[in-house]
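Quick one: dock chain against chain with the hints and give me the complex.
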Amino acid sequence: MRGAHWAVVAGLVAATWASFAYLALDLGQLLTLEAQAQMWKYVVSFFPPDFSAGHLSRIGQGTLETIAISAIGTALAAVLGLLLALPAAGRFGVVPRAMARLLLNFLRSIPELVWAALMVIAAGLGPFAGTLALAWHTTGVIGRLFAETLENAPAAPAGALRLSGSPASLAFLYGTMPNVVPQLIAYTLYRWEINIRMAAILGVVGAGGLGQMLYFSLSLFQQPQAMTVILAMLALVVIVDGASAWLRQRLVH
Amino acid sequence: MDARLSVKFNKVSLEYPNGVRAVRRLDCEIRKGERVAIIGPSGAGKTSLLRILATALRPSSGTIGVLDTDPWRLDRGNLRRLRSRIGMVHQAPPIPPRQRVVTAVLAGRLGQWPAWRSLASLVYPMDIAGAERMLARMEIADKLFERCDQLSGGQLQRVGVARVLYQRPDLILTDEPVSAVDPALSDRVVGELNREAIERGVTLVASLHAVDLALHRFPRVIGVRAGEIVFDLPPVRVSDGMLAELYASESRTVPTQDNQTLETVPAGVRRRPMFS
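Line by line, the protein sequences are chains A and B.
Residue numbering for the first sequence follows this note's numbering, beginning at 1 and increasing consecutively.
Residue numbering for the second sequence follows this note's numbering, beginning at 254 and increasing consecutively.
Isolated chain B (complex conformation) (with noise of 0.2 Å):
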């Protein structure tokens, strides 16, 4: 694999159990520090392409490179320091209720701290200050030591990408991590997943439900339907009928943050209404 890869698919399928095919032999790449959404009807296969990505769930066919290595083909061992690289945003953040804030994001870096660590860090949590500093990306720095069930939905989920802002991963993906944030919030935290993609260099793969956040933010668009890709394009060449298109099955208009039509212009781009 190609050493400036971070995700290569070749010819990947899946099919679950029950028959259903959520992905059909996709081919794609992605360069190491991209930042790429996905966008899609609900039901086209994008929170699928994301576990195959997190090696979480193994393609029926077809091969996949992460990180310079098909996961695959480790040992268990090696599968572990592989998948500590990669960090996801679960669209439902996957936290205990009674865990507390701090243990919750410190959980982040299980797979990289030495085991005394992590043991000692449920006595008393280890770093503090590192996981404060996250949820203050956040803006949720003042819940440090609340316990989760006292949090709403959204301030759950930005926790639960504070864990993987903690996680310092080569490659995050995020499965829909705004969906229960209000508008100006979301903007925020998409921004910060970017600004982290950046800074560090690292690749940012995120699915979105509001297509305005995935033009806005994201240089690279991959609209997916029916488990293929449809289009593999910059923003600025994403055309209202192609949106149009991708969405048909679901509804008449293209899901945006409030459902405002997609009308505001990115800074420095040009495009037509939606649907006018």
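So here's chain A without its partners, still in its complex pose (with noise of 0.2 Å):
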């Protein structure tokens, strides 16, 4: 056992040499003073941000509409992975099971970035690329998790509600939602919270946002209107974090 363990050791040591060797990667060259000065001088190239009106004004714009793109991206997540989720939760048979959960699986594998590329070649440069891109890879993610939940709800509350003539459709209105509603709310806040950070980042293909606005400043070496971006940024995800916890609390219990 012991032997096992230290070869897995030198083995990874011997892989993160290969790497160094095969990437041609010179870390001393990280150290050296010049290095290191550069470093220094675009670090401070970012002092002071812009707090000019003009620049204040582009950026709330920018901020709402990262917001308006993850919260509609969400939104329409949430609508499409409920319908995905029936059946792949089984309630239509095997095979329309086998078939939702394929497609979610595979919305879910494209990651974000890639569904915005694509999505940008489609729709345009803009925040509808960004919506678009957001609501198809989190509908992946929220389908499944409906779907889980949904299997997971007792089946004794509308299986009464059948058994006494109730549609199906009904039933599972009036005898599996009440069950299942909060964990669903709490899947799509949480999911709209990692949103709006990724539609900040999003803007880097051109989606739109606050992101977008980054890249141009970064690409036009405008050092501290792009830091003003990044202070934005960071305001958001703090205040989102926190009142995605709050509405969770109040929502769910």
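Honestly, the hints are just simulated from the structure, not real lab data.
For glycine and all other residues, C-beta sits at the position ideal for the given N, C-alpha and C.
There may be inaccurate statements among the hints.
Stated by the list, open to error - Which stretches of chain B does chain A cover? Using the computed rule of at least three CB atoms under 8 Å from a CB of chain A, they are: (1) 303–309; (2) 337–350; (3) 355–362; (4) 480–491.
If you want it as structure tokens, here you go:
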């Protein structure tokens, strides 16, 4: 057993050394005085951040755009995810279950950034592409989580309603939904929180919002403007994390 | 099937996939408007019998008739219509904990309401007064807008009864409807079920754990053991010996409310005390 451990450690060390050699990385370069001076210069160039009124108002717009992209993307995903979760939870038989799971896996396995690049080609530059990109990937994630929630929900309440003549759809709404709604809301809010951060990044491939502003400023070597965007992103994420946690607490209990 | 019959069992057997035979070649007829109590030790097949009547379980062999039809020959739409005429009070009320009491009661008529009304009722309860009337009969009208997870087990069971009363079915089935309700209220709840059956002339079939409730409240008592009918008699003719034998496998005493011995004489009926 002990021998196996040492073999693993030795293997890791060898793999790391091989990676450096293969990529021709020279860590020493990072430590030269010249490199350090350059890095320091670059960091300093971000200060002071640009707090001019014109730039701030554009940042405000970018922030709103990022929030809107994430909110609409997540809302779309929640609706599509619930529609796909029903067959994926096996409510319509084995074949639809397998098909829905396959579709959800496909949507989920393509990262948001790749979806965004594809959607920029399909829908053009701007917030619409970002919204679609978030919606597709999040549908895959949320659909899977919803399907598992539905599968774990107790069957007795809806079963009893069907036994008293209720149509299956209404039995689901009266018997199953009250049991799962808090969980669905919690999942959706959690994904929204993640998507706001994601929406801020998606702009880098041209999908609108704060990310696009960050990418433009950095490309044009306007570091002070870029710094303000980074600060806005930080503030947004902190506020959204807090708000989401508070909302989940209130809605779920 | 005879039009005066509400239920007809013809050599009905039920075998579960694990091999347990819960019901064995059972013959039974119940006329419209009859009120029948089913008693017997636990595991005797009382719940299985009721679930066959509720069309929740299909017999392994034999035929059944419920409200003039064989439910297993109906297409889906007609089976649904038949089921909306059968109301079942479950032993553990299958109600979502977060649902409000009023919604849980109104859900009794989902099989009868048009879809738009059921959907609208999710947003705003469509018949608050109706739900309140049924809850008042169960003495929990004050719980109308509470969430079901705020109720005690006994209160929740009474919400389940109120739902079936609101459904207004032609065949009322109850599976130990008062197992979590205290004795005084049990009597009231079983009394209300009987009143409903008498007033509307509908059939009531109740399995009961407490033998005294069955003997006091029902004109016909069926004793069940090991999936077979042991006796099927009016309560006056049910002797202590029969009861003792029925429950012989379970305990030395016959189960009653509060485990008091069965001595109280129902009005107009004279009987010997138990195990004297």
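Verification of the supplied hints:
1. 303–309: holds (count 3)
2. 337–350: holds (count 11)
3. 355–362: holds (count 3)
4. 480–491: violated (count 0)
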